[in-house]
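Participant: Chains as they are written, first to last, in my numbering: chain A, 1 to 271; chain L, 1001 to 1261; chain B, 2001 to 2353.
These are computed hints drawn from the structure, not numbers from a lab.
Some hints could be false.
On the chain B side, residues computed to face chain L include the following (Cβ under 10 Å) [said to hold, decoys possible]:
| id | residue |
| --- | --- |
| 1 | I2081 |
| 2 | G2087 |
| 3 | L2109 |
In silico EDC-like cross-links for lysine to aspartate or glutamate, where the CA-CA straight-line distance does not exceed 16 Å [to be verified]:
| id | chain 1 | residue 1 | chain 2 | residue 2 |
| --- | --- | --- | --- | --- |
| 4 | L | K1159 | L | D1178 |
| 5 | B | K2332 | B | D2300 |
| 6 | B | K2110 | L | D1178 |
| 7 | L | K1159 | B | E2061 |
| 8 | B | K2218 | B | E2028 |
| 9 | B | K2220 | B | E2028 |
Positions of the beta carbon are idealized from the N, C-alpha and C atoms, including for glycine.
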Amino acid sequence: MSHRSFVWLCLLPLAAVTVAFFLLPMARLVVTGAEGPQGLAGYLAILTEPRYRATLLNTVLLATATTIVTLIVATVAGMFLQRHRFPGRAILIAMLTFPLAFPGVVVGFMIILLAGRQGLIGDFSNRVLGEKLVFAYSIYGLFLGYLYFSIPRVILTIMAAVQKLDTGLEEAARSLGASPWAVQRDVVLPALAPAFVASGAIAFATAMGAFGTAFTLATNIDVLPMLIYTEFTLAANFSVSAALSVGLGIITWLILALARSFSGSAVAAAG
Amino acid sequence: MRDRLIFIGQFIFTLLVAGFLVVPAILSISAGVTVNYFRGIQSGVTLQWVAQVWELYAGTILLSFVVAFATLAATLVTGVPAAYALHVRGGRLSRIVEEIITLPLAIPGLAIALALLLTYGGFGDFRRSWLFILVGHVIFTMPFMVRSVMAVFATVDIKTLDEGAASLGASPWRRFRDVIVPNALPGILAGSLMVVTLSLGEFNLTWMLHTPLTKTLPIGLADSYASMRLEVASAYTLIFFVMIIPLLVAMQLFAEKEQKR
Amino acid sequence: MSAQAGHGASVRIEACGKTFADGTRALEPATLEIARGETLVLLGPSGCGKTTMLRIIAGLELPDAGGRVLFDGKDMTAVPIERRNVGMVFQSYALFPNMSVSDNIGYGLKIRGVPEKERAARVAELVALTNISGLENRRIDQLSGGQRQRVALARAVAIRPGILLLDEPLTALDAALRDRLRGELNRLLRALGITTIYVTHDQSEAMELGDRVVVMQKGKIAQIGTPREIYFTPNSRFVAEFIGAANIVEAAIENGHLVLPGGRQPIDGDANISAAVAMIRPETIRVLAAESAPLSGVIDSVSFIGDRQRLVVSGVSNRSLTVDAPNTVRAKSGERIGLSISPDAVRLLPPER
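Just need the whole structure built from these sequences, with the hints factored in.
Facilitator: As structure tokens, then:
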């Protein structure tokens, strides 16, 4: 057998699996999206139908807020951990990264334990303020859940990027008279920009598409994945849910593709 | 003095973030072994909830392992040769193929699950078997295996090793067996850890693809969160932690070892 | 096998060109013959097509349609490398990190189904030949660059190949080691007496190792000849300047003399042309007193190199002339000196196309 045909043979199983169980179903999904009573216009419903549009806006806002807060929190913590050596540092890093493999459902449960009816925060506020603070089942709980989900990932990316920074650049800036603040602003943060874009895009896309957390926390939070789920299972509205999922898929794919073309590195959403 | 204050400020901030992540996990673990969570740990320590979870949900745990290892087998058999082919062949077509197989990372699992349901939902026997879940997991984890193996190929210059073995008379299959797979081992291992971990925790796809008779662990978890008392849900989560944390630690150690090489 | 012919196969490549998928022409169609037992060096700057030619001979690259590769007169063009019985040393050595030194050396024999005992004997023989005794059980990442080079060579030779192919085998090493291994490699290749094709960009490697040298430029063969022919009678300015140091002088010709600003220089051969580009090697120029010499100029700079000194002299030709003088000659910059060049040291280059 020639090397050429061997290489093709190596590719064959993957090609078969991908075509049968990914490309074909995705094509079917796209077709189904246009099979509703409105036909192809069903795709526009995401933007024209007020209820869908509000949900989309809600989801985008939530994902944006998650991304911004995660980036700030992870940058402060990640930079601190990469730049200082102190006893207990390894444990702290382990604590910050161990929720990495938690599925969305588990994250949802963590939020319930924090801010649910029997949650720690409610308990605490009950004792201090005499009022039980319960917000796990609202959009704030979901926001907290997405933070819980994104912070470990983004911290890892930022730490790796900080480690790769050439400290010579900072020393050069200081030798030219820059203050510590100016060094951060002019040298460090610009050098971290690709990491911000890459990890920010992942956080955003993940928050857009995450389903497990929302599913665990509640039934009446209006985010796109929950809408798709209820349209499909409760309303049996196949064409609308297909159109909405295609729209959601395009948005997340586009965000990640844009981030990748900017930062040049591989960018992928998680869980 | 000022540096000291900045250091302490950052330290406390980082500690708070770590607390946010760790405290609920600790709450969950302690709730899982507490007789009555509402009354607190004073009510006593017990394994009754864990036992109850085992009684109710042992099937889901077993199925999760079956699915995870079947997913691993499928990604190994299809992903490793494909990673080799994509690396050696190079060029535009390979990049397009790579792009397509990584799409499941960019598209929410919900959309993929819907697509699978709309296409194969009508095939009753397939739809009802755990193989339906397997298919979703394979599509979702494949890019991790392929990429992790390709990353190793890029660092060991597998193309030249392949040519070296060819110059000594080895056939393509022989080269794959003697030279390519042994040298891809670090990537295969890293990819395998990733695939098993992700498959064990997968919920988004699985929730849509499962049937009452094909429930995996995360499905059982969601079920217990919705309908069981907090102690049972916590004990179940505890079992999940026990399964997943060794994998995470192994992945971390592995990454560190690779970095040192 | 005739006594003077050595071992291995003869190679003939016919009209072998290579155009890559993206349209770049790496190699213009070339024809070349390599005798049994001969060591042929492909020499040229990077991107000249020498490695492409080697890879076509190896079977790692297919020539464009019309090209043929023949071993001992047999058409091998469509035969993949694993069935060509060639031994190849790669620039990066391509040693298998998952195998020990002796497993690497014995791998080709294992593929050929050689019994283990026989294999071990052959491996031991090569370990001794390439001076790597004691390293047999080492892992590849425990070897130095020079040791890796020897293992790669031993592995390529172990299978008793018909043709030995070496792709810049010394380039990955540092300069001092390179010089030492070059001498060792030379002795080894002579002892093996096998047909060898050696790719390098280093002219001193080409000079020392090659029975014949093929100088390549931009995908074309610029000149083929023995090292001496290439050095003393280059057929183009490119070859003259690529091999060793060369002064290139443009001048009018009158009565068998180059007419230069610094005097008249006699030349050999028929002088039916009115102007020429000539090459003069720096070491062929003698330094004399200014008044008694046919040529004279002013010293711009003197660099003491140790075994000789290099003078840059202006005013002799249209551009400054480099002269290698014995280290005993007293020379100072700014001084006027005389030069003399033997007529047979002046090589007229054909006009550039």
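Participant: Hint by hint, note whether the structure agrees.
Facilitator: Hints versus structure:
1. I2081: With Cβ-Cβ at 5 Å, under 10 Å, it holds.
2. G2087: OK, holds: B/G2087 within 10 Å of chain L, min 7 Å.
3. L2109: This hint holds: B/L2109 lies near chain L, its Cβ roughly 9 Å from the closest one there, short of 10 Å.
4. L/K1159 x L/D1178: holds, 14 Å
5. B/K2332 x B/D2300: Holds, at roughly 9 Å.
6. B/K2110 x L/D1178: With Cα atoms ~11 Å apart, B/K2110 and L/D1178 stay inside 16 Å; holds.
7. L/K1159 x B/E2061: Satisfied, since the Cα-Cα distance of roughly 13 Å is no more than 16 Å.
8. B/K2218 x B/E2028: holds, 9 Å
9. B/K2220 x B/E2028: Holds - the C-alpha atoms of B/E2028 and B/K2220 are around 6 Å apart, at most 16 Å.
Hint violations for this structure: none, all hints satisfied.
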